[in-house]
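Peer 1: Position in the sequence shown (from 1) plus 19 gives the number in the working numbering.
Hints listed in this document are in silico derivations from the structure and should not be mistaken for laboratory results.
Treat the hints with care, since some could be wrong.
[Said to hold, decoys possible] Straight-line C-alpha distance at most 30 Å; calculated DSSO-like pairs for lysine-lysine:
| hint | residue 1 | residue 2 |
| --- | --- | --- |
| 1 | LYS901 | LYS840 |
| 2 | LYS240 | LYS317 |
| 3 | LYS737 | LYS911 |
| 4 | LYS946 | LYS981 |
| 5 | LYS962 | LYS857 |
| 6 | LYS620 | LYS606 |
| 7 | LYS857 | LYS792 |
| 8 | LYS193 | LYS153 |
| 9 | LYS1087 | LYS1020 |
| 10 | LYS1012 | LYS972 |
| 11 | LYS962 | LYS1085 |
| 12 | LYS237 | LYS620 |
| 13 | LYS135 | LYS569 |
| 14 | LYS319 | LYS562 |
| 15 | LYS116 | LYS147 |
| 16 | LYS84 | LYS147 |
| 17 | LYS846 | LYS924 |
| 18 | LYS562 | LYS351 |
| 19 | LYS562 | LYS147 |
| 20 | LYS911 | LYS981 |
| 21 | LYS932 | LYS857 |
| 22 | LYS962 | LYS1020 |
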Amino acid sequence: MEVKTSLLDNMIGVGDMVLLEPLSEDSFLENLRNRFDHNEIYTYIGSVVISMNPYRSLPIYTPDKVEEYRNRNFYELSPHIYALADEAYRSLRDQDKDQCILITGESGAGKTEASKLVMSYVAAVCGKGQEVNKVKEQLLQSNPVLEAFGNAKTVRNDNSSRFGKYMDIEFDFKGDPLGGVISNYLLEKSRVVKQPRGERNFHVFYQLLSGASDDTLKKLKLNRDLSKYNYLSLDSAAVNGLDDAANFRTVRNAMQIVGFMEDEVQSVLELVAAVLKLGNIEFKPESRCNGTDESRIKDKNDLKEMCELLGIEQSVLERAFSYRTVEAKLEKVSTTLNVAQAYYARDALAKNLYSRLFSWLVTRINESIKAQTKSRHKVMGVLDIYGFEIFEDGDNSFEQFIINYCNEKLQQIFIELTLREEQEEYVREGIEWTNIEYFNNAIICDLIENHQNGILAMLDEECLRPGTVTDETFLDKLNTICAEHQHFESRLSKNSKFLTDHSLPHNCFRIQHYAGKVLYRVEGFVDKNNDLLYRDLSQAMYKATHSLIKQLFPEGNPGKVNLKRPPTAGFQFKASVGTLMRNLQTKNPNYIRCIKPNDKKASHIFTESLVRHQARYLGLMENVRVRRAGYAFRQAYEPCLERYKMLCKRTWPHWRGPAREGVEVLMADLQVPADEFSYGRSKIFIRNPRTLFFLEERRRQCLQDLATLIQKIYRGWKCRSQFLLLKKSQIVVAAWYRRYAQQKKYQKIKSATTVVQSYTRGWQARKLLRELKYQKRCEEAVTTIAAFWHGTQVRREYRKFFRANAGKKIYEFTIQRIMQKYFLGLKSTMPSMSPIEKNWPARPYIFLDGVHTALRRIFHLWRCKKYRSQFTEEKKAVYEEKLEASEIFKDKKALYPSSVSQPFKGDYLEISKNPKYQKLNSAVDEKVLLADVVNKINRANGKGTARIFLLTKKSFVLADQKTGQVKASVPLPDLTSVSVSTQSDGFFALRLKEGSASAIKGDFLLSSEHLIEIITKIHRIGATAADREQLNIDISDEFLVQFKQDKVCVKFIEGAPKNGNSVSCKRKNNRLLEVSVPTSP
20 MEVKTSLLDN MIGVGDMVLL EPLSEDSFLE NLRNRFDHNE IYTYIGSVVI SMNPYRSLPI
80 YTPDKVEEYR NRNFYELSPH IYALADEAYR SLRDQDKDQC ILITGESGAG KTEASKLVMS
140 YVAAVCGKGQ EVNKVKEQLL QSNPVLEAFG NAKTVRNDNS SRFGKYMDIE FDFKGDPLGG
200 VISNYLLEKS RVVKQPRGER NFHVFYQLLS GASDDTLKKL KLNRDLSKYN YLSLDSAAVN
260 GLDDAANFRT VRNAMQIVGF MEDEVQSVLE LVAAVLKLGN IEFKPESRCN GTDESRIKDK
320 NDLKEMCELL GIEQSVLERA FSYRTVEAKL EKVSTTLNVA QAYYARDALA KNLYSRLFSW
380 LVTRINESIK AQTKSRHKVM GVLDIYGFEI FEDGDNSFEQ FIINYCNEKL QQIFIELTLR
440 EEQEEYVREG IEWTNIEYFN NAIICDLIEN HQNGILAMLD EECLRPGTVT DETFLDKLNT
500 ICAEHQHFES RLSKNSKFLT DHSLPHNCFR IQHYAGKVLY RVEGFVDKNN DLLYRDLSQA
560 MYKATHSLIK QLFPEGNPGK VNLKRPPTAG FQFKASVGTL MRNLQTKNPN YIRCIKPNDK
620 KASHIFTESL VRHQARYLGL MENVRVRRAG YAFRQAYEPC LERYKMLCKR TWPHWRGPAR
680 EGVEVLMADL QVPADEFSYG RSKIFIRNPR TLFFLEERRR QCLQDLATLI QKIYRGWKCR
740 SQFLLLKKSQ IVVAAWYRRY AQQKKYQKIK SATTVVQSYT RGWQARKLLR ELKYQKRCEE
800 AVTTIAAFWH GTQVRREYRK FFRANAGKKI YEFTIQRIMQ KYFLGLKSTM PSMSPIEKNW
860 PARPYIFLDG VHTALRRIFH LWRCKKYRSQ FTEEKKAVYE EKLEASEIFK DKKALYPSSV
920 SQPFKGDYLE ISKNPKYQKL NSAVDEKVLL ADVVNKINRA NGKGTARIFL LTKKSFVLAD
980 QKTGQVKASV PLPDLTSVSV STQSDGFFAL RLKEGSASAI KGDFLLSSEH LIEIITKIHR
1040 IGATAADREQ LNIDISDEFL VQFKQDKVCV KFIEGAPKNG NSVSCKRKNN RLLEVSVPTS
1100 P
């Protein structure tokens, strides 16, 4: 059986205030205190979540907690904000119901953190994917941007939201986020120009000055010193735990993620800097000749820098601060502004510039995060808006009046939607509807928003009325129109009930809201509602060249002058609230009521008076009473039967029938009065919490009894198991002991038997040994006698033949032993396998001389064969050429010994690879066997000319070394002989066949360093050709060479040459060339 947890398990205090018994304000607060002291900061009122700000981090928002509350019933686990977020998300995803989450509470109660937790939970449980993750990241990163521009440090909260925010998150049919739309309400723009003591301006000003680089500040014409700016309060500039520089980097990164371009970010920062510069503009009075006062700017440096940032002509803005133009239908009237009016105009421009920039930021973020698809989307709205604001010192002004009006509307829709949800559930379950008595605050909403006699309508009428309009005339009008209203009070009210109430000041009025009475001072109501910006300033802003200013001040366009007064702040907010209410009524609501436990922002402190005050104006007791007016508790039949089935013997431990029948049997067995509960179609409804606590108490007692029974059964089972284990162990021990004893006894018997057997076998063996020894001696005696006898007989016969054959046998045996010893010794002293190895073991005896020589020859031939078998075909050809060179030149040519160690390469010029000889290579059709540079000897002076010598199988070619041009190509059959000297020179003569075409110019006298290789290859080609005669090689120190028609004698002599050690050739006469060869060392 699966064990499920419940809201009622291990409950500290009461997790759901609907179940609180007895219900009173004191018990309500005591329950909150008890849970807060045990770190239980969340409590339910039905489906409403009360959230207490702990002012510290708690380990209840981990990924494990997210998984714990994922896809779980709302009342299945202890109260948590994740339970509400999961219930809303699953209803949206599975039931296709649009949701909204309304988060209310006063400043510092944790509304912003609650909205972040809801969004982070939804982001964690929805789908994954690159595009989905990008959307989630943009939605989450929109918060730091809006917090920087819309939040500020107050005496109640270091990160107080000074605007209302409503975000619609759009999902597809799978529940994956597609985008979102943000709406903002009533930014506290008066904070831009003035802050109460102990509070700061909006965060972005401090973040910019602390976190921006020096280069950025220089471009914005700003200084890091906060004291240089009049709009920034200095007494609370530094906030503990708030790093403005790091937050600035976070905001820049968030703007990049959301989709702001770099130039847009720069434009926004320029407007922020312009607001700071605007606050430093100061005015001085100046009297005119007609006696009127006008204002002039004291120091124009800040004005100049501001105009440079915004791209405005300084003179235009300076005139707008000094004059005001009023336009009628057909005329314009220009009046001067005194110092007070100039300061008002300056502050009005600063407030409008900042508030319009904030609205532009929201619009720009919406463009980035909006859903790209046009199909219908599921929507989850998150409303983070101020709760009731009631200042105890009576310093409640127009802002508090507007905020409290919004909360009256939210309370009205809360009551309506809660009762409607309650009624729908009763109808759905078939329960008879019971009329619920509750306070309907529609009369208060009507007092404020009535189109004719409402306070907002009268305030707008007073602002638009010609003549002198002051806050006092507005209060007089309220006293006249609203005097009879039961929720309106003032000193001049005609309601006699308040005539003696002297605590009410003359310039104030009081409204009895659903959360309590609130005293409002009328000072500033008219000005704040008007929210006027002089048309001259709007037109001056429109003339700016800055990319954003024209978008923010469209009314300044001279071509579209509208003489109508702009809508008042109250009218705009009333319209926004109406739109918001209509939006919320189309969605299924979920409520989070945030409460701060103390004013010190400290943990573990619960100030009862402060919490009582918040509980009253949040209407929490009213919520509980509305929820308890019908049935206090309801639960589906299956979990109800699963939880309480142990209270009845018929349902315990298993109920086989339908769950409803099981619950009916259970309630009948417990004899619960019939008027305390009702059966719905899928749930049981319990009217009074006492009945639920009765069931819980019975369940607790039953669980104790069951625990006792389980303990008894467990202890019995444990004792029996222990006894059986001991018994089994004893049997095993006894068995092992008996086995051991028998083994020891057997070993003793076996040992004794072995000893007896050994003695018996020893005796038998000794007896047999004696018999065998006796038999052996007898056999040995017989054998000895027989041997001696046979020896005598053999010797007697052998004496007859010994002298004739003994010498020959001994000789043959001796020779055989000598040969055996010789071959074994030769085996161990064999020389190496090198063919040039000449060592050979010496012969031991002279008679082995012939065999020794034959074996040496055979071994040498064998190892030469083994050596030759290792050659490749190319290597074999080289050696064959070397062998042929040896046959031709050995002991005949002095140059030959130095050529033996030099390998025959053949192609010394790499003619096929060298691009220099590409043309020459293409002129030769056959494979080139040898390519080298030779010197062609001139008979005229004996000097040589470099030529390229190419040899193929059919011809040899002489070509110019530089150009590669062929000078001569001679077929090899035309070559008759080759003449060389016996000296170490490289001269050789190629003698051609007389009468051939090649012999017209005569023979060739050449010189080469590779003479041996050239002549060997020519001789080898001639030897392998079947159709040619053998090439004759003449080796002589004097030979004739045919040059055209003359024959010249070439004579080689030894001597010291003039040019070092080189060979020199010199012409002696027309018939003699003398070649001087250096003497060999």
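Peer 1: All hints, please: hold or fail.
Peer 2: Going through the hints against the structure:
{"no.": "1", "hint": "LYS901 x LYS840", "verdict": "violated, 42 Å"}
{"no.": "2", "hint": "LYS240 x LYS317", "verdict": "holds, 19 Å"}
{"no.": "3", "hint": "LYS737 x LYS911", "verdict": "violated, 118 Å"}
{"no.": "4", "hint": "LYS946 x LYS981", "verdict": "holds, 22 Å"}
{"no.": "5", "hint": "LYS962 x LYS857", "verdict": "violated, 47 Å"}
{"no.": "6", "hint": "LYS620 x LYS606", "verdict": "violated, 35 Å"}
{"no.": "7", "hint": "LYS857 x LYS792", "verdict": "violated, 66 Å"}
{"no.": "8", "hint": "LYS193 x LYS153", "verdict": "holds, 17 Å"}
{"no.": "9", "hint": "LYS1087 x LYS1020", "verdict": "holds, 22 Å"}
{"no.": "10", "hint": "LYS1012 x LYS972", "verdict": "holds, 18 Å"}
{"no.": "11", "hint": "LYS962 x LYS1085", "verdict": "holds, 8 Å"}
{"no.": "12", "hint": "LYS237 x LYS620", "verdict": "violated, 38 Å"}
{"no.": "13", "hint": "LYS135 x LYS569", "verdict": "violated, 34 Å"}
{"no.": "14", "hint": "LYS319 x LYS562", "verdict": "holds, 20 Å"}
{"no.": "15", "hint": "LYS116 x LYS147", "verdict": "holds, 22 Å"}
{"no.": "16", "hint": "LYS84 x LYS147", "verdict": "holds, 19 Å"}
{"no.": "17", "hint": "LYS846 x LYS924", "verdict": "violated, 41 Å"}
{"no.": "18", "hint": "LYS562 x LYS351", "verdict": "holds, 20 Å"}
{"no.": "19", "hint": "LYS562 x LYS147", "verdict": "violated, 48 Å"}
{"no.": "20", "hint": "LYS911 x LYS981", "verdict": "violated, 36 Å"}
{"no.": "21", "hint": "LYS932 x LYS857", "verdict": "violated, 44 Å"}
{"no.": "22", "hint": "LYS962 x LYS1020", "verdict": "holds, 18 Å"}
This entry does not satisfy hints 1, 3, 5, 6, 7, 12, 13, 17, 19, 20 and 21, going by the numbered hints stated previously.
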